[in-house]
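J.: Using the sequences and the hints given, assemble the complete structure.
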Amino acid sequence: MATRRRREIPAAGEFIIPVAAIAFTAYYIWSVRDGPWEAKFSAYLVGTGLIISSAIFLLTRIWRLATTHREPGGGETRWWPPRPVTLRRLALLVLTLGYILAIDYGAGFTLSNFAFLTCGIILLSGVEHWLRAAGVAAALSLGGYLLFIVAFHTRFPEGPFEQFMSRLLS
Amino acid sequence: MRDFTLTRRAMLARLGAAGAAAALPWSARAAGFPERAIDIVVPTRAGGGADRSLRAIANVWEKYLGQKVEPGFFPGASGQVGYALYTGKRDPDAYSLIYGNMGPELIGWVLQKPEYRFPEDWVYFFRTDNEPTVCFVRAESEFQSIEQVVEAAKKKTLTVGTSRLPHPASIGILALGEETGAKFNLVPLSGGNKTIAGVMTGEVDIGVLPAGVKPRTGNQSRILCVFDRKNPLKDSLDGAPTANEVFGTNIPSLPSSRAFGIHTKAKMDHPDRLAVLSESLSKTFADPQLKTEVEKAKVAWETIEAGDEAACTEYAEGIIALAKKYEPLLTGKG
Amino acid sequence: MDLPFHLFPELFWHAFSLWYVIIPAVLLGIIVGAIPGFSAANTIIILLPLALSVDVETGLVFMVALYSSSRMGAGIPAILVNIPGTGGAAATPLDGYPMTQQGRAPQALAMSFMASTFGGLFTSVVALFCLPILTQVVYYVHSVEMVVIMLFGMSLIASIAARDPLKGLVAGLFGMMLGAIGADHIYGTPRGTMGFLELYDGLPIIPALVGLFALSEAFLIIEGESIVSKAGRDLMVKAGWGPTIEGVKMTIERWWHVVWTSLIGLLIGIVPGAGAGIAAFTAYQQSRFFSKTPDLYGTGHPEGLIAPESANNGVTSGTLIPLLVLGLPGGLTAAVMMIVLQLHDVLLGPQLFVEDPKLAYGVIMTMAVTYIFMIPTILPLARYMSRITLVSTSYMTPTILSFTLTGAFVARDYAFDMYLALVFGAIGYVARKTGFHVAAILIGCILGPLLEQYLLRAMRISEGDPMVLFSSTLGNVLWVLLVVTLVFPYLFDWMRKRRAAAEAGAAEARS
Chain A
9 MATRRRREIP AAGEFIIPVA AIAFTAYYIW SVRDGPWEAK FSAYLVGTGL IISSAIFLLT
69 RIWRLATTHR EPGGGETRWW PPRPVTLRRL ALLVLTLGYI LAIDYGAGFT LSNFAFLTCG
129 IILLSGVEHW LRAAGVAAAL SLGGYLLFIV AFHTRFPEGP FEQFMSRLLS
Chain B
43 MRDFTLTRRA MLARLGAAGA AAALPWSARA AGFPERAIDI VVPTRAGGGA DRSLRAIANV
103 WEKYLGQKVE PGFFPGASGQ VGYALYTGKR DPDAYSLIYG NMGPELIGWV LQKPEYRFPE
163 DWVYFFRTDN EPTVCFVRAE SEFQSIEQVV EAAKKKTLTV GTSRLPHPAS IGILALGEET
223 GAKFNLVPLS GGNKTIAGVM TGEVDIGVLP AGVKPRTGNQ SRILCVFDRK NPLKDSLDGA
283 PTANEVFGTN IPSLPSSRAF GIHTKAKMDH PDRLAVLSES LSKTFADPQL KTEVEKAKVA
343 WETIEAGDEA ACTEYAEGII ALAKKYEPLL TGKG
Chain C
79 MDLPFHLFPE LFWHAFSLWY VIIPAVLLGI IVGAIPGFSA ANTIIILLPL ALSVDVETGL
139 VFMVALYSSS RMGAGIPAIL VNIPGTGGAA ATPLDGYPMT QQGRAPQALA MSFMASTFGG
199 LFTSVVALFC LPILTQVVYY VHSVEMVVIM LFGMSLIASI AARDPLKGLV AGLFGMMLGA
259 IGADHIYGTP RGTMGFLELY DGLPIIPALV GLFALSEAFL IIEGESIVSK AGRDLMVKAG
319 WGPTIEGVKM TIERWWHVVW TSLIGLLIGI VPGAGAGIAA FTAYQQSRFF SKTPDLYGTG
379 HPEGLIAPES ANNGVTSGTL IPLLVLGLPG GLTAAVMMIV LQLHDVLLGP QLFVEDPKLA
439 YGVIMTMAVT YIFMIPTILP LARYMSRITL VSTSYMTPTI LSFTLTGAFV ARDYAFDMYL
499 ALVFGAIGYV ARKTGFHVAA ILIGCILGPL LEQYLLRAMR ISEGDPMVLF SSTLGNVLWV
559 LLVVTLVFPY LFDWMRKRRA AAEAGAAEAR S
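Chains as they are written, first to last, in the numbering used here: chain A, 9 to 178; chain B, 43 to 376; chain C, 79 to 589.
Please keep in mind that the hints were generated in silico from the structure rather than gathered at the bench.
Among the clues, some could well be false.
Said to hold, decoys possible - In silico lysine-lysine, DSS-like type, Cα no more than 30 Å apart, as pairs:
#1 A:Lys48 <-> B:Lys375
#2 B:Lys272 <-> B:Lys333
#3 B:Lys272 <-> B:Lys338
#4 C:Lys436 <-> B:Lys340
#5 B:Lys198 <-> A:Lys48
#6 B:Lys225 <-> B:Lys366
#7 B:Lys367 <-> A:Lys48
#8 B:Lys333 <-> B:Lys105
#9 B:Lys272 <-> B:Lys225
#10 B:Lys338 <-> B:Lys325
#11 B:Lys110 <-> B:Lys340
#12 A:Lys48 <-> B:Lys225
#13 B:Lys366 <-> B:Lys197
#14 B:Lys366 <-> A:Lys48
#15 B:Lys272 <-> B:Lys366
#16 B:Lys225 <-> B:Lys375
#17 A:Lys48 <-> B:Lys155
#18 B:Lys367 <-> B:Lys197
#19 B:Lys307 <-> B:Lys131
#20 C:Lys436 <-> B:Lys338
#21 B:Lys198 <-> B:Lys375
#22 B:Lys307 <-> B:Lys366
#23 C:Lys575 <-> C:Lys370
#24 B:Lys110 <-> B:Lys338
Stated by the list, open to error - Some residues of chain A that are not near chain B, with every Cβ distance over 10 Å (derived):
#25 Phe23
#26 Ala28
#27 Arg41
#28 Ala63
#29 Thr75
#30 Val93
#31 Leu100
#32 Trp138
To be verified - Partner residues aside, some chain B positions facing chain C, computed with beta carbon under 7 Å:
#33 Gly118
#34 Val229
#35 Gln262
Since this is a predicted model, take the numbers as computed values, not measurements.
Even for Gly, the Cβ is constructed at its ideal location relative to N, Cα and C.
T.: Set out below in structure tokens:
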């Protein structure tokens, strides 16, 4: 079964999923330790399979790593992209988390959307396009407000904008 | 087409009203409780049974309260999401109430041992209905009566579909089995709809649910017995007897019973406010308009039964004791 | 139950005359379907006052049209931006999104619209004419049979991960483990919930779905200028009506495929509670099994798009059968429809077909007619909708992020679900970057908990006897078919290689 494809240099990133899987399974099994067998069923059946297959995967990769001379993460698999993109991606991740926190902690749906979309577009297209970014963001978040809050009555936490609008409309 | 435009307008009017109601807290109003809308946490899904009866009650109650009643639906984890939210995140100022189904939710509370405590964190103060729980089969079933079921279950274990184990109906059939020596294997089928499906498709032998199963299934189902001391719905439940009548047993009443609850702290700090709430609810239940509203919401009028705090406490204590008694069977840790 | 054939022409024309209800409902359905997490059921709950204030027939026609068109609407973001908004559309991006990346979005949309409408139309006609027989399905398909059907869907993991089976296995089992989060199905013991009440009812499917597919993709696409490849962009810019017509033609050429995959959807849809996700994956897996070119699946293969789309609309027709004939709602939308009907004093069940056959058969006829209306309403839009894929990623990425997180929220109204979607986005991102199949994780997440539920139920009914799994005739037939499905591809492969080796050997011997 040693095909050409499987002989690629393993990257460190390949370890993340199996390690996470083993860690989660261990926690899951711990969480049902006092439960009846029905509750343990998945943990034992699926969990055992998952731990075994992840362990085999890790061992084969580590063995291959030990028998080749390249650094993990390097080589021709190149899963790590060029740095500027990585930075932008991290910034976007922080921005996304900020967006969720803003919605969750009182800024409301519309304002959070406006701020997130403006910052996101500026981050990706450059600060010189700020006006266009703000315009697009305003249109999208207002559209979202009309659709989700006014028409569909979803229970997004209300922020200053929603409260102002509901007072205005009444 | 005309129907549509008209209702569209009615819809918009409703939306406008909802918007206005949301803005009410901001406008200063005359002194005296309540000064603003009463917020009700409902720990079950919008469109479900609690939604329907609450809608009917609220339509009349608002008249006596002089304020809006605003339900918010927080289903999940068999009611735990709603109760955790109510006891943990709502202010204990009597402006926030919970409208729950005492039976399943208290049994769940006993079995799942969440952080909020009864009666330290909340108490029920006004019961709104009492829906008996029943045992039923599909119309083509070989079982014509509960006696036949018990006879058969003495020889061979029968499978019993139930919406979930922590439910008064589940306790009802367990108690019947215990008293008669019949063997029942409870199969939780996740919800009323799926329980009906399990019984109607023959996956399980019999089913146990609140009496609402009858109007839902019509002549496709046959009610065999009622787990209650009396059967207020006798005619509409195929004339089914109570289990106690048939077997001379002493199984307590196991209705599915909804009630308004309030923070225990609010009850202590604001007895005057609680009195206003209770009184306005009593007036609501004395108002003939309630019957019209209840029937409009397709809730059986016979199940509507007001009860004071003492009645709620009595029910709660009874159901908690039963839940503790059957805890090993209901949690699989026996 | 005798079928009143004489009524059908009248019902057909009557349903047609309600075009002014159907067309707005179709448009609304497509919009709400395209919003991730926003189901037809939610829409009907919101419109409850409206549904109750019109007469029962109008309300019913509106709901049925909304239901069937929302299913099709869900395919649109799944194809264009890799956002499947419901479990039913979870298999759609597997081949739909690669087509978009190749600049064949109009073809993909046209195919999805055609497969959905013809799958839906065909199955609703079948439902109308075979109602008494199809109703019997519910009496034969119980937990045991569902366990096997679920395994059909799960076996897809094996085919998806054919190139690296170990990675596929890890991904699939990891998905199943994540899917096992939540209270157990019998006693309600919380498992793996990390103390979050929001996880007690199980892993919510929408955040997992949009996280794994869409969020992870959004973080990937910022590497390029557009989600469409350069060659694809040139194709798209020049495109007129040609690609749409090509998509229509491609579907018509594969009419037989639409027919049989939609029948899978119909049969699974009849089983109360089974749902469109199972149907979509099972149809995809079967389509791949019978294909002469299984290796092309996942690369933008037309059959790989047609199968799940026609199957999930087949489910819509199937769901109506237990709802109308037995009063058993198969899913959330059907349950909400039932509430509306009850409030209108309509009692569902066999009696309905005796007392009010016009209403009972009329519902199914309406669904058929809805599909007829859907084609001219939606098809011309394929060309314009696909333009969205040309938007630069600097605008697209933040919009996708905000749209999907909104979707994660609205499905249950929990802010928690937005964080959860982000976590799944991270899992999906790492998985994509390191060659673990996101689809395999997803199948585990969606089908795993259902498999566990049916399995535990079967075991509970049999009081713990595992032999219950082989206790029914239909179940055993399905087991045999499952084994055939799993073994034959390898067997054929082995035989082909042996024959090739033998021929090569013979040729060598001759020379």
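J.: What are the numbers of the hints that this structure violates, sorted from low to high?
T.: none
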